[in-house]
Amino acid sequence: MAVSRAFSLITFPLVARHLSVAEYGTLDLFLVLAGFLVTTLIFGQDSAVGRFFYEYEDLEQRKQVISQSLVIQAVVCLGAVVILFLLSGRVAALVSTADGSTRYFNIVLAQVPFTLAVNFAQNLLKWTFSRRAFLIMSIGYSAAQASGLAIAVFLFDVSTETVLVVNLITNMLFGVLGLFMVRTWLVRPRSLYLARDLLRFALPIGIICMLGAAVPMLERQSVEKLLGVEGLGLYAAGSKLAMLLTLVIGSFQTAWAPFSTAIHREQDAAQTYNLVLGFFSLLVCVLTMMLDSVATPLLTLLASQRYAGATVVVFPLAMATAVQSISWVTEIGIGLSKRTSRSVYPHLIYIAAIAGAMLLLVPLLGLAGAALSMMVAQILRSVTASWLAQRVYPLPWIYDWVVKVVACTFITGLVAHGILARWIGSWSVAPLYLLASTALCVYFWRRQLSSSAKMRIASMLSRADK
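Numbered per the working numbering, the sequence shown spans residues 639 to 1104.
No wet-lab data here; the hints were simulated from the structure.
No experiment lies behind these values; they were computed from the predicted model shown.
Incorrect hints may appear among the rest.
Claimed, not checked - Heads up, simulated EDC-like pairs for lysine to aspartate or glutamate below, C-alpha to C-alpha not over 20 Å straight-line:
id : residue 1 : residue 2
1  : Lys764    : Glu868
2  : Lys863    : Asp737
3  : Lys764    : Glu693
4  : Lys764    : Glu698
5  : Lys764    : Glu695
6  : Lys701    : Asp835
With the sequences and hints as input, model every part of the structure.
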């Protein structure tokens, strides 16, 4: 995931500079649609295979788990693709109002089975610790996609359709390659006797994943319907810049999930959790302000002056990402209690809040209103998820620091965009963010950290020096 995000950021300037703002917005919408369709059709089967793969010691039984899950995914995928293809004109009109939307939709449909095969192979290679093959299917896949886009940009007359075709070809090649790499794990299923267990385990996870994938789809469609394809293009460019924050957050999440589970039975687990929460919330809020301070020159550098209007969405979207990442820490109780189905409710609230906030704020504030809607909805989702986690697995969280640092960051961003950028100039934003970041760091060290925590940090740093 982090690799694909990094490569998508690398290719962002190539694509954005050679497409019009409206074309880039349409492209982003159909790329998000592709992700939504694949996630929905997998419907948690990747997690189900991972769960049952390690449950069985017998090699043949493991092969049956893998093969039967692949059959389930293939049947569901092919059936859905055929139905959607027959209804492509109507469905495409619901997805987008852009010219050529039916052609784009059909290209995305053709890509879906191969993307599913790529995902299946990547997961299986990861579970079987096939490092070299996994690197080919992850880094090689992303690099090939980026190279294909570069060739399309420099050698052909690039368009939205061209980019989608490049993605289709890349997924076709790596889908076939991935299945070839995992061929030794594939056997003829002895009926589908494991299907019931696989589907039952995947159901709650599939719902959660589908709702999560529906959010960016709803987000893009709402912006297009309310602001048009030009507004969608600016919004997509700003969200791509805000994605820079996810590179750091993704690295933390990769380490946090196994670490938090491993120590949850230790006596000082709560202290460690709160220490991580304090440092991480400070880190993501400071990074949010630093990112927004360079948003205008960075967008101009990467995507040209045509996308300068997208800077208004960077801070709210980065703030939404920061709040979400903080809630990943405070909602660990849901995972520790093994009640993952509880995660459905925050996602439902999230989607409803997005729809309501978009209808309310976009007519009033335009592009900024769309980004603020995502931030408000994310805050509601995170608060709900954290509250539910406390109900099922109480932990002595110290929430006051989180409230302070998030509120301070939001107010600073409000002053930066509402007063300084408007009346003085975008250059005046950076000094304010630097001052606020410094003040938060000093306050955290002097007032939030206990003496024992400072001693532990000093001890860790001294050991690191040696």
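query: Does the structure keep Lys764 and Glu693 at a Cα separation of 20 Å or less?
result: At roughly 16 Å apart (the allowed maximum being 20 Å), Glu693 and Lys764 satisfy the hint.
message: For Lys764 and Glu868, compute the direct alpha-carbon distance and say whether it is at most 20 Å.
response: Violated - the C-alpha atoms of Glu868 and Lys764 are around 40 Å apart, more than 20 Å.
Pair hint Lys701 and Asp835, alpha-carbon separation not exceeding 20 Å: 15 Å, holds
message: Lys764 and Glu698 were given as a pair; does the straight-line alpha-carbon distance stay at or below 20 Å?
response: 19 Å, holds
query: Holds or violated: are the alpha carbons of Lys764 and Glu695 at most 20 Å from each other?
result: 17 Å, holds
query: If you draw a straight line from the CA of Lys863 to the CA of Asp737, is it 20 Å or shorter?
result: 14 Å, holds
The structure fails to meet hint 1 from the earlier list, while all remaining hints are met.
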